[in-house]
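Participant: Protein chains in written order, with numbering that gives the first Met the number 0: chain H, 0 to 314; chain B, 0 to 314; chain Z, 0 to 263; chain S, 0 to 263.
Treat the hints with care, as some may be off.
[Unchecked claim] Far from chain S, some chain H residues (derived; all Cβ distances over 10 Å):
#1 67
#2 79
#3 149
#4 181
#5 184
#6 197
#7 219
#8 261
#9 289
[Said to hold, decoys possible] In silico contact screen, one side only, chain H against chain S (beta carbon under 8 Å); selected entries:
#10 86
#11 214
#12 218
[Claimed, not checked] Residues on chain S that point at chain H, a partial pick, calculated with CB under 8 Å:
#13 89
#14 92
#15 93
#16 95
#17 115
#18 129
#19 146
Hint data in this document are derived by calculation from the structure and do not stem from the laboratory. All C-beta atoms, glycine included, are put in the ideal place defined by N, C-alpha and C.
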Amino acid sequence: MSEKRSLRYGIFGAMMRSIPFFGRDPLVAADQVTDRALVAVIAILTFLAALTASAAQLTAATAMRWQVMMASEVTVQLKPQAGRSIDADIVRASDILRGTGGITSVKVLRREESAKLLEPWLGSASSIESLPIPRLITVQIDTRQPPDLTSVGKMLSDAVPGASLDDHRTWTKRLGHLSDLFLTASFGALLLVVMTTGLTIVFATRGAMAGNREIIEVLHFIGADDRYIAGQFQSHFAVLGVRGGLLGGGAAFLLVLALKLSMMFPDGLPFSGISEMPILDWQTVFVTFGVIMLVGIVAGLASRITVYRTIGMLA
Amino acid sequence: MSEKRSLRYGIFGAMMRSIPFFGRDPLVAADQVTDRALVAVIAILTFLAALTASAAQLTAATAMRWQVMMASEVTVQLKPQAGRSIDADIVRASDILRGTGGITSVKVLRREESAKLLEPWLGSASSIESLPIPRLITVQIDTRQPPDLTSVGKMLSDAVPGASLDDHRTWTKRLGHLSDLFLTASFGALLLVVMTTGLTIVFATRGAMAGNREIIEVLHFIGADDRYIAGQFQSHFAVLGVRGGLLGGGAAFLLVLALKLSMMFPDGLPFSGISEMPILDWQTVFVTFGVIMLVGIVAGLASRITVYRTIGMLA
Amino acid sequence: MANQLSCCNGIEISFDPHHALTTLKKVEGSLQAFPYRSVGELVRFENVGLRYGVGAETLTDVSFSIEPQSFQFLTGASGTGKTTLLRLIMQALKPTRGTVVLFGQDTSLLEKDGLTALRRRMGIVFQDFRLLDHLTTYENVALPLKVQGRDEVTYRAEVTELLNWVGLGELIHAKPPILSGGEKQRASIARALVAQPELLLADEPTGNVDPSLARRLLRLFVEMNRSGTAILIATHDLGLMDQIDGARRLVLADRRLYVEASDV
Amino acid sequence: MANQLSCCNGIEISFDPHHALTTLKKVEGSLQAFPYRSVGELVRFENVGLRYGVGAETLTDVSFSIEPQSFQFLTGASGTGKTTLLRLIMQALKPTRGTVVLFGQDTSLLEKDGLTALRRRMGIVFQDFRLLDHLTTYENVALPLKVQGRDEVTYRAEVTELLNWVGLGELIHAKPPILSGGEKQRASIARALVAQPELLLADEPTGNVDPSLARRLLRLFVEMNRSGTAILIATHDLGLMDQIDGARRLVLADRRLYVEASDV
Ligand SMILES: Nc1ncnc2c1ncn2[C@@H]1O[C@H](COP(=O)(O)OP(=O)(O)OP(=O)(O)O)[C@@H](O)[C@H]1O
Ligand SMILES: Nc1ncnc2c1ncn2[C@@H]1O[C@H](COP(=O)(O)OP(=O)(O)OP(=O)(O)O)[C@@H](O)[C@H]1O
Ligand SMILES: [Mg+2]
Ligand SMILES: [Mg+2]
Numbered sequence: 000m001s002e003k004r005s006l007r008y009g010i011f012g013a014m015m016r017s018i019p020f021f022g023r024d025p026l027v028a029a030d031q032v033t034d035r036a037l038v039a040v041i042a043i044l045t046f047l048a049a050l051t052a053s054a055a056q057l058t059a060a061t062a063m064r065w066q067v068m069m070a071s072e073v074t075v076q077l078k079p080q081a082g083r084s085i086d087a088d089i090v091r092a093s094d095i096l097r098g099t100g101g102i103t104s105v106k107v108l109r110r111e112e113s114a115k116l117l118e119p120w121l122g123s124a125s126s127i128e129s130l131p132i133p134r135l136i137t138v139q140i141d142t143r144q145p146p147d148l149t150s151v152g153k154m155l156s157d158a159v160p161g162a163s164l165d166d167h168r169t170w171t172k173r174l175g176h177l178s179d180l181f182l183t184a185s186f187g188a189l190l191l192v193v194m195t196t197g198l199t200i201v202f203a204t205r206g207a208m209a210g211n212r213e214i215i216e217v218l219h220f221i222g223a224d225d226r227y228i229a230g231q232f233q234s235h236f237a238v239l240g241v242r243g244g245l246l247g248g249g250a251a252f253l254l255v256l257a258l259k260l261s262m263m264f265p266d267g268l269p270f271s272g273i274s275e276m277p278i279l280d281w282q283t284v285f286v287t288f289g290v291i292m293l294v295g296i297v298a299g300l301a302s303r304i305t306v307y308r309t310i311g312m313l314a
Numbered sequence: 000m001s002e003k004r005s006l007r008y009g010i011f012g013a014m015m016r017s018i019p020f021f022g023r024d025p026l027v028a029a030d031q032v033t034d035r036a037l038v039a040v041i042a043i044l045t046f047l048a049a050l051t052a053s054a055a056q057l058t059a060a061t062a063m064r065w066q067v068m069m070a071s072e073v074t075v076q077l078k079p080q081a082g083r084s085i086d087a088d089i090v091r092a093s094d095i096l097r098g099t100g101g102i103t104s105v106k107v108l109r110r111e112e113s114a115k116l117l118e119p120w121l122g123s124a125s126s127i128e129s130l131p132i133p134r135l136i137t138v139q140i141d142t143r144q145p146p147d148l149t150s151v152g153k154m155l156s157d158a159v160p161g162a163s164l165d166d167h168r169t170w171t172k173r174l175g176h177l178s179d180l181f182l183t184a185s186f187g188a189l190l191l192v193v194m195t196t197g198l199t200i201v202f203a204t205r206g207a208m209a210g211n212r213e214i215i216e217v218l219h220f221i222g223a224d225d226r227y228i229a230g231q232f233q234s235h236f237a238v239l240g241v242r243g244g245l246l247g248g249g250a251a252f253l254l255v256l257a258l259k260l261s262m263m264f265p266d267g268l269p270f271s272g273i274s275e276m277p278i279l280d281w282q283t284v285f286v287t288f289g290v291i292m293l294v295g296i297v298a299g300l301a302s303r304i305t306v307y308r309t310i311g312m313l314a
Numbered sequence: 000m001a002n003q004l005s006c007c008n009g010i011e012i013s014f015d016p017h018h019a020l021t022t023l024k025k026v027e028g029s030l031q032a033f034p035y036r037s038v039g040e041l042v043r044f045e046n047v048g049l050r051y052g053v054g055a056e057t058l059t060d061v062s063f064s065i066e067p068q069s070f071q072f073l074t075g076a077s078g079t080g081k082t083t084l085l086r087l088i089m090q091a092l093k094p095t096r097g098t099v100v101l102f103g104q105d106t107s108l109l110e111k112d113g114l115t116a117l118r119r120r121m122g123i124v125f126q127d128f129r130l131l132d133h134l135t136t137y138e139n140v141a142l143p144l145k146v147q148g149r150d151e152v153t154y155r156a157e158v159t160e161l162l163n164w165v166g167l168g169e170l171i172h173a174k175p176p177i178l179s180g181g182e183k184q185r186a187s188i189a190r191a192l193v194a195q196p197e198l199l200l201a202d203e204p205t206g207n208v209d210p211s212l213a214r215r216l217l218r219l220f221v222e223m224n225r226s227g228t229a230i231l232i233a234t235h236d237l238g239l240m241d242q243i244d245g246a247r248r249l250v251l252a253d254r255r256l257y258v259e260a261s262d263v
Numbered sequence: 000m001a002n003q004l005s006c007c008n009g010i011e012i013s014f015d016p017h018h019a020l021t022t023l024k025k026v027e028g029s030l031q032a033f034p035y036r037s038v039g040e041l042v043r044f045e046n047v048g049l050r051y052g053v054g055a056e057t058l059t060d061v062s063f064s065i066e067p068q069s070f071q072f073l074t075g076a077s078g079t080g081k082t083t084l085l086r087l088i089m090q091a092l093k094p095t096r097g098t099v100v101l102f103g104q105d106t107s108l109l110e111k112d113g114l115t116a117l118r119r120r121m122g123i124v125f126q127d128f129r130l131l132d133h134l135t136t137y138e139n140v141a142l143p144l145k146v147q148g149r150d151e152v153t154y155r156a157e158v159t160e161l162l163n164w165v166g167l168g169e170l171i172h173a174k175p176p177i178l179s180g181g182e183k184q185r186a187s188i189a190r191a192l193v194a195q196p197e198l199l200l201a202d203e204p205t206g207n208v209d210p211s212l213a214r215r216l217l218r219l220f221v222e223m224n225r226s227g228t229a230i231l232i233a234t235h236d237l238g239l240m241d242q243i244d245g246a247r248r249l250v251l252a253d254r255r256l257y258v259e260a261s262d263v
C-alpha cells in the first residue's frame, strides 16, 4: 500500500499523473470486462476499416497507374488494304503522327512483332507468314498537353484508308467505372464502420454512466461540479477507443504489408500492377494511420458529447 | 398495472409466456443501453458478415459457371495451310471429333462467324474478305465422362496439320486461383466477424452478470439454484444476438438484392456472368440466413457457456 | 402514512402466510418465546474460527447450537462479528477452522444442490436489505416462493396479506428505490418470512424503524416462532431484547461468543 | 475490535478536522447544544409541499428554519417523510409548492454552479451510507476535500485523525464492501464532517451502532456544533434525543411538521 501510495508524491508521481490514466485515482469504477470488450470490438472494427481503406487505396492507385499508362499510349492499327502498299501507308501514318503536337514518340512495330501479338488468335509464326497481317504503331503521348485524339484519328483515317486509332477509351472507362464502384463501396463500408465505432463508444459511455449513476449522484452531493465528474469519464473512453484503434489498425497494417510482400514473389497472386508498387509507401502508412486517427477522434468526440449530455440528464 | 398483470393469466398469458422474453418477469435487471448497444454492434457485424458471405457466394458461383462453361467446351482451330483445302481439313477434323467418345456435339463455325470473332483485331468484315481466316470448331464435352483432351489434341494435329485444340486451361486455372483467393479472404473475414460476435456476446454476458452480481447472490440465498439463475440470463443474450443478426442479415440481404437488380440494367455494372443469374435464388437466401443462424448459434452458445462459467465463479 | 401508523395501534390482523397456522393477536407488554423442544439442532458450531484474509481471526472458538423453534438474540458492539456469524450460518462464508453443522448436515461436505435445499429452509433479513431494485415490493417478497417454482395463484393472497401486516399494503407496486429506509426494512423482513422457514436469521431488523413499529415487527417474529420457526436476531437494541421473555442471548465480545442462559 | 471498543470508553482524543478548532473532551451524561446566535438563517422553508408523482402530498405546508450553529432532531414514524425533508434541503428534490431558501438564496432561482457552491457548505450522512465501493475508507472520507481540488498533503493528517476518532483507524485501507454495517455508518459520518460544513444533515446516523458508540458519535456532533456547524439529525431513537439538552425537536406526523420549542 505505502509503496503504491508513494507513487503519488515526488517528481515521478507528478510525471505519472501528467500522463492520462496513470497514477490517477479514478473516482469512477471502471468495469474491466466492459473495458476489454470495448477495446476488442473497436480493434476489430478498426481492423476492418483499415483493411477496407487500404484495399480502396491500392485499387485507386492501381487503377490510376493503368489509366495513366493507357492514357499515355495509343495504338494505331493499319489493316492491309487490297491494292495498297502497307509499308507506304505506315510511313505516311507515322509522318502524320510525328507532325502532330503532344506526341512524344512514334514507334512502328515490325511485321514479326505485330504477328506475335496476334499469335494467340492466328496461331504460331510459321503459318502466319502468308497472312496480310495488320500492322501496329504505338504512340506515346505527352500527358501534360495531350493532342485531340479524335481529330488525330480522323486525320489518319482520311489520309490512310485502313488506319484506325485505338485510344483504349472503352477500357479506361470500364476500369474507371469499376474502381469508382469499388471506391464508393469501400467508402460506404468505412463510414459504416466508423459510425459503428462512434455508436459503440456512445453506448459504452452511457452504459458506464448509467452504471455509475449513484456515484455521480453522490459526487454531486459531496460538492463536485459537472466538469470534475465529466473529467472522470471523458478521457477514459477516448483512451479505450484509441487503444482499440491502434491495435486493430496496427494489425491491419501488418496484414497489408504481408500481403504486398507475398505478391512480390513470382508464384504470387495474379494482380499485375500492384506487384510493381513499393511494399511500404507513405500512402499505406497514411491511410492506416488516418483510419486510426479517425477512430480516435470519433471516440473522443463521442465520449465527450455523451458525458456532458448524460450528466445533464442524471443530475 | 392491473391490465399489465392480467396478461400473465389466461390463455393469452400462457401463449405469451411460451415465447421467450414475452410476458415473463425477468429477475435480472436488463440494462436498456447495453442491450441496444449489443444489438446494434451485432447487427453491424452480421451485416458485414452477410455481405462478405454473399460476395463470396456470388464470386464462387460466377467462377464455377465460367469454369463449367470453359470445361464443357473446347475450341479447335484450323489455320489455313498453304497448299491445303481448309474445307476438307474441317471435315476431316470434325469427323475425328465426332468419332471420339465423351463429345456431345461438334459445331463448325462458318467463315463469317470465325471472321466476326477476329474482327476486333483484324478490322471489320469488308477488309477481311481476302484474308485466309483461321476456322473454328466448337466442341461440347460430356463433363461426366470427358475425353482425354491431350490425346484428342495430338490425334487432331497428327491427322490435320494446322489444327490445334484449345482447352482454356490457362484461363480456367487463373480464374480458379483468383476465386480461391477471394474465397479464402472472405472466409477469413467471415470467421473474424463471427468470432467478434461471439466475443461481444461473451463480454456482454459477463458484464451483465458482474453488474448483477449482487442480484445473483441474493437469488442464491433466497433458494434459487444455478439452473434457475442461468435461465434468467442465458436466453436473454441469445435473443439479443439473434435480433441483431436478423437486423443486420436482413439489411445485407436487401442490399444484395438491390445490387443484383441494379446489374440487370444495361447501364449497370460491368460484371458479366453475374447479371445472368436470377435476382433471388435459393443460394442468396441460404447464405444470408446461414450467416444469421451462425450468429444466432454462436450467440446462444457464447451466452450459455459464459453464464454457467460465471455463475460458478460468482457463487 | 396515516394508514401505516394506524395499523400499528394494536388492531388485530389475522395473517396466514402458509397454511393458516398463525393468527396474530394483540399481545401487550410481555411477549414470550415458545418454549422449545429438542428434536435435533438446526445449527451447531463446533470450535469455529473465521479469519478474513490474512489478519487476526474475527471469530475464535465459537461453539453454540440453535434448537428448533428457539428464540435468541445475537448482540455485541459494532464490528464484533455479528453479521459474520450470520454469514457463516447462511453459507456465505466457510469457516477457517471448526465445523458448522446445518440441519444435521456437515456443511463442509455439502454439494451445490444440497446447499440450495438447505437455504430454502432458512429465511434471511440482511442488514442492508438487499431487495432487488427493479422488482416491485410484491415481487420482491414473493421471490422465495417464485424461485421454488410455485405458481403465483397459490401464494398471491398470502403475500398481499403479509405485506399488509408489515404496513406496506399501499406500496405493493412500489419499487425499492422509492421506499423509505423503514419500508425497505419491512419488505426485507416480509421476504424472509414468506416461505415460513424453519430458521430465521435477522440482522439488525429494526434499525430503521420507530419503536412502536419495532414492537410490531417483533410480534411478527414471535408469532412465526410460535408456529415453528427458530429465530436468531442480531441487534444492538437493548430495548428490543428486553421485550422478549425467555429469549436466549448470544453475546459477541473479544472475538468470542458468550451464551447467556435463557431466563425461562 | 477490542481497539474500537476501548476507544469508546471515555479516553480523551483531540481531533482537529480543519483548523485546530475542536478538542473533544469527555462529557459525561449531559451533552449540551451550543446556544445559537441568529446571524441569518441557513435554511428556511415557507409553506413547502411535496408530492411524489401523482399521489397525495407526502409533506404539506412545512414551514421552519434552521439557524446557524443550532442543533435539532427530526423525528417521526417510518415513512412520514424525514428523508424526504432532508432531500428537499440537500436539493435532491424540488418542492411541489412553497419556497426553500438556503443560505439566504431562493433555491428555485439557483443555477448549477451556485448549487455546487451551496452543497460544499453542507455535509450529508445518508440513511443508506452511499459510500463509493471501489474507494478505500480513507479515500471515501477524503472525497469532499478532493473534489474541491485540495492537494492531498494538506488534509491527509486530518482525515486520518477523524477516522481514528470514529474507530476506523485500522480500516483506513479497507473498502466499504468488507466493512460492517456500523463501520460503514461511521465512515459516512466522517465523510460528512471532514470539510467542516456549516450545516450537517444526518439521516438515522446511529441506526447501525451500539448505544455506547452512538453516544460517542453524538459527542462528535456536539463538538462540531460547538465549532460552528448547525446540526439536523433525523432519528427514531428516543434515547439519543434525550441525551442532548437544548436541542430542538422537529416532529413529522400526518404530513405536517411540528416544531417543539427547545427546552433551554
Ligand atoms: N469480507 C471481509 N473481509 C475482511 N474483513 C471483513 C469482511 N467482512 C467483515 N470484515 C470485518 O470483520 C469485522 C466484523 O464484521 P461484521 O460485519 O461481522 O460486524 P458486525 O458485528 O455485524 O458489526 P455491525 O454491528 O457494525 O454491523 C469488521 O471489522 C469488518 O470490517
Ligand atoms: N422517489 C419517491 N417516489 C415516490 N414515493 C416516494 C419516493 N421516495 C419516498 N417515497 C415515499 O414517501 C414516503 C416518505 O418517505 P421517506 O423516505 O421520506 O420516509 P422516512 O420518514 O425517511 O422513513 P424512514 O424512517 O422509514 O426512513 C414513503 O412512504 C415513501 O414510500
Ligand atoms: Mg453487522
Ligand atoms: Mg428515511
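Participant: Under the constraints set out in the numbered hints, which ones does this structure not fulfil?
Facilitator: 7, 10, 14, 15, 16
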